[in-house]
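Go ahead and model the full structure; you've got the sequences and the hints to work with.
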Amino acid sequence: MFFWRMISRALRRQVSKRLMIAVTIMLGSCLTTSMLAVMLDVSDKVQAELGSVGANIQVLPQGASIVSEMYEADSTLNSGSLREDEVPNLKTIFWGHNIEDFAPFLDVTATSGDHEVPVVGTWFDHSMTTPTGEPVTTGIDNLRDWWEISGSWPNSDDQVMVGARLATQLGWQPGDTVRLTTANDDLEATISGVFRSGSDEDRQLFAPLATAQELAARPGEVGRIEVRAITTPNNELAERAARNPATLSIEEWETWYCTAYVSAIAYQIEEAMTNASAKAVRQVADTEGVILGKTQLIMSVVAIFAMVAAALGIANLVTASVMERSKEVGLMKALGARNKSIVGLILTETIIVALVGGVVGFGLGVGLAQLVGHLVFGSGIAIRPIVPPLMALVILLTVVVGCLPSMRYLLRLKPAQVLHGR
Amino acid sequence: MTQTSWDSRILGNGAEPIYSVQQVSRRYGDLAALDNVTLDIAAGEWLSIVGPSGSGKSTLMNILGCMDSPTEGIVLLEGERLDKMGEPELANVRRMKIGLVFQQFHLVQHLTAVENVMLAQYYHSIPDEGEALAALERVGMADRATHLPRELSGGEQQRVCVARALINHPDVILADEPTGNLDEVNERIVIDFFHQLHDAGTTLIVVTHDAEVAAQGQRQIILEHGRIAREVFDLASTPTKGKPQNVEG
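Chains W and F, in that order, give the protein sequences. Here our numbering = 1-based position in the first sequence + 1065. Here our numbering = 1-based position in the second sequence + 867.
Rather than coming from a laboratory, the hints here were simulated on the basis of the structure. Certain hints may be false.
List of simulated lysine-lysine pairs, BS3-like, C-alpha gap at most 27 Å [claimed, not checked]: (1) W:Lys-1392 x F:Lys-951; (2) W:Lys-1156 x F:Lys-951; (3) W:Lys-1082 x W:Lys-1392; (4) F:Lys-951 x W:Lys-1405; (5) W:Lys-1405 x F:Lys-964; (6) F:Lys-951 x W:Lys-1359; (7) W:Lys-1479 x W:Lys-1392; (8) W:Lys-1479 x F:Lys-951; (9) W:Lys-1479 x W:Lys-1082.
Selected chain F positions facing chain W (in silico; Cβ < 8 Å) [claimed, not checked]: (10) Met-934; (11) Asp-935; (12) Met-952; (13) Leu-967; (14) Ala-987; (15) Tyr-989; (16) Pro-994; (17) Gly-997; (18) Ile-1089.
Every beta carbon over 10 Å from chain F, so not counted as near; a handful from chain W, in silico [stated by the list, open to error]: (19) Trp-1211; (20) Leu-1231; (21) Val-1425.
In this text, all values refer to a predicted model and were calculated from it rather than measured experimentally. Every residue gets a Cβ at the ideal spot worked out from N, C-alpha and C, and that includes glycine.
Below is the structure:
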């Protein structure tokens, strides 16, 4: 086709200008690709980072929840209970796939010798099958993955873990056997490990849930559940819904319910369990949302500036190139070329050059994203499938915007001006 | 010879002129490059436009070639008002009806000779390399078809320009100083080729400083200060002043 023959001939001219256009797009594309890749992946990365702070949803029995809200205190003891057999239901809610980890807890006070020992029953590394038949493994080994452990996690029902302060106070070490006594039961357990959490948990003893239920004589009961879920940062709709979902219109309710807001997930948990009141652990959830939002905003701004700078660079280079070729363009017009034919020709030439720069820039951007991932998060960045087409679109848009001044010049150019100096 | 007798001989009884220029002016600010010019050009006529620099020759050529519009007056080409047309319509007229030859050749530097000819085909209809080569052969440039303009002499470039002008069989060929940059041999070749086109019925409008080139036409109009100072009619040039010579490279 003659059009492509003209393009191929034209591309061999003005090599330095075309190289500059390719380099400009390459730099913009590199920076934008890396920012875009990190931005799309950062949600998971930040979630993983912040997730180490703990759960972002707490499920309490309804009575305990009311007391807790009234007195702003942890009043879970003996204030009703949740059913252990309903815990797997968490994975059956609409946003079940967003629930990364969860663990039930039951608190009971036992004695060991002359000392009172706060015992917390939980799942350490618990495997189960959800009502939908999905195998799930969860527990506090994930929810408390920042614990510094001396020894190991318990791997049988007669093993327990002890907080560092309690261990120091009672002189316990990994491998020691302890006797725990309540009014209901009396049993022996082996300390598999001593942990340091940096919180009040350092004064507690963590035992398998069944052990705590036995000590408390509350079989099948759970005092609270901690849930770590991937959530969408809150907005005004989520805030309103969190206060009272009944105030939403049907459309708003559907949008809220089908978005992974922490309040929507909490609401769905309440639907899936009996007598449950699920609340966002505000501090962590808000921190996640705010940090995530700010991080993404900064990256968006950097990406937009990079492409705006590229568009400005292209605008100068293409305008200079077109002005240099004004006689050629005037001749084409004199021969009867329509404006759109000439604009198409120049734009195609520029897009081809820009795509070459863009592809190289994309490759470099992927590399840069990996570097950022390893430096900031200690792991690589997954390139989402949306990134390549999105970048192609961004490059195309940048070229078109960058070519606008030269297109304006082309449209105004009169053949007589350049061919006869009029 | 009077204007009336010329019109009747050239136009025939009741025939419409291919161009009709009526009281046309073209002003650039206060400067009138053309001032109230009235002119009819017959189909198949060879008209020479002469005059000193700044007399309005190129302005008239630009208006006739649809590359500029008058600020006042009417311009008709085959009965259609050019002065009322917008840029897309003017481009269409240039594409379909007019062939242009320039003093500076104006070939696209990165296209070969044959591709420069095909460029006019491309904007007219469909490029045909065989036809473009045949056009180059007519002007004696077939063996230089794959050369870039910088590899051609001035005369050769002008012959490529002529081949490009005739490739779409235009009704009118407008030539602006077509021999201005040529030596005598190449000037003769180009003029002889114009005679061939004229004999074939093509309307030729040639802007020139050169009295010898101007004398090839059937009629000369002499412009001064944007006005037609006088006209010179030479019916002896019809159908042609000299026997066309073979055009060779």
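Evaluation of the provided hints:
Under the criterion of a C-alpha separation no larger than 27 Å, the hint pairing Lys-1392 of chain W with Lys-951 of chain F is consistent with the structure, at around 26 Å. Straight-line distance between C-alpha atoms of Lys-1156 of chain W and Lys-951 of chain F comes to about 75 Å, which puts the hinted pair past the 27 Å bound. The hinted pair formed by Lys-1082 of chain W and Lys-1392 of chain W meets the criterion: a straight-line CA distance of about 18 Å does not exceed 27 Å. Note on Lys-951 of chain F and Lys-1405 of chain W: the hinted pairing holds, with a Cα-Cα distance of about 21 Å set against a maximum of 27 Å.
For the suggested pair Lys-1405 of chain W and Lys-964 of chain F, the alpha carbons sit about 20 Å apart, so the restraint of at most 27 Å is met. Distance check on the hinted pair: Lys-951 of chain F and Lys-1359 of chain W sit about 59 Å apart at the alpha-carbon level, beyond 27 Å; violated. Our distance criterion of 27 Å between C-alpha atoms is met by Lys-1479 of chain W and Lys-1392 of chain W, whose separation comes to about 10 Å. Restraint check: the Cα-Cα separation between Lys-1479 of chain W and Lys-951 of chain F comes to about 17 Å, which is no more than 27 Å; the hinted pair holds.
Restraint check for Lys-1479 of chain W and Lys-1082 of chain W: the C-alpha separation of about 24 Å stays at or below 27 Å, so the hint holds. The interface hint given for Met-934 of chain F holds, since its Cβ lies 4 Å from the closest Cβ of chain W, which is under the 8 Å cut-off. For the restraint placing Asp-935 of chain F at the interface with chain W, the shortest Cβ-Cβ distance is roughly 5 Å, inside the 8 Å limit, so the hint holds. A hinted interface residue such as Met-952 of chain F counts as satisfied when its beta carbon comes closer than 8 Å to some beta carbon of chain W; here the least separation is about 13 Å, so the hint is violated.
Hint on Leu-967 of chain F holds. Least Cβ distance to chain W is approximately 6 Å, under the 8 Å limit. This hint holds: Ala-987 of chain F has a C-beta 5 Å from the nearest C-beta of chain W, less than the 8 Å allowed. Checking Tyr-989 of chain F against chain W by beta carbon gives a least distance of about 5 Å; that is within 8 Å, so the hint holds. With 8 Å as the threshold, the beta carbon of Pro-994 of chain F comes within range of chain W, its nearest partner Cβ sitting at about 4 Å, so the hint holds.
For the restraint placing Gly-997 of chain F at the interface with chain W, the shortest Cβ-Cβ distance is roughly 13 Å, beyond the 8 Å limit, so the hint is violated. Interface hint at Ile-1089 of chain F: violated, since its Cβ lies 20 Å from the closest Cβ of chain W, which is beyond the 8 Å cut-off. Remark: the non-interface label on Trp-1211 of chain W is consistent with the geometry, its nearest Cβ contact in chain F lying 65 Å away (cut-off 10 Å). Distance to chain F confirms Leu-1231 of chain W as a non-interface residue, since its nearest Cβ pair spans about 84 Å, more than 10 Å.
Every Cβ of chain F is farther than 10 Å from the Cβ of Val-1425 of chain W; the closest lies at roughly 25 Å, confirming the non-interface assignment.
Hints 2, 6, 12, 17, 18, counting from the list given before, are not met by this structure.
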